[in-house]
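All residue numbers for the sequence shown refer to the UniProt record's numbering, where the first residue is 1 and numbers rise by one.
FYI, nobody ran anything at the bench for these hints, they're computed from the structure.
Predicted, not measured: the structure shown is a model, and the values here were computed from it.
Result set (DSSO-like, lysine-lysine): computed pairs, CA atoms no more than 30 Å apart in a straight line:
no. : residue 1 : residue 2
1   : K87       : K50
2   : K74       : K61
3   : K50       : K61
4   : K50       : K74
5   : K87       : K61
6   : K74       : K87
Per label pair, the in silico range of CB-to-CB distance:
no. : residue 1 : residue 2 : range
7   : E82       : I22       : 17 to 25 Å
8   : S124      : N40       : 32 to 40 Å
9   : G120      : E53       : 15 to 23 Å
10  : G5        : R66       : 23 to 31 Å
11  : I91       : E39       : 16 to 24 Å
12  : G12       : K87       : 19 to 27 Å
13  : G108      : R16       : 29 to 37 Å
14  : G60       : V17       : 15 to 23 Å
C-beta atoms are modelled at their ideal positions from N, C-alpha and C, and glycine is treated no differently.
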Amino acid sequence: NDLIGTVPDALGQLMRVQSLLIGRNELMGPIPANFFNIENLYHLNLRENKLSEQLSSCFGKLTSLREIFLDYDKLTSAIQSELWTNKYLRIVELSYNMFIGSVPPEIGSRNTMLDLYLLGNQLS
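Let the hints inform the model, and build the full structure from the sequences given.
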């Protein structure tokens, strides 16, 4: 794609989108707040960009989300516990960012199988 700049705010207006694949670009900065209004989003791939700041607690609003790929970005802070409230989430790839702290205990209380990748972070 060769997209450069920030994640466009207009993506938050794409209410019927089910898959958003904009990995391997030069997108930087935070994920815009209105992005979390995409109710039907099933698959999210923002891997290998330069996304920064912390992982938003708003990921809990994406209740249709099944797969999320945010590896090889520059996301920081702790991994928000709201991400794990989605009982349908199956794949979470957060490797090679700058996450710190401990792995949220909510992960262990899930009733469904989850493929979770956290390599290359500073987690305990």
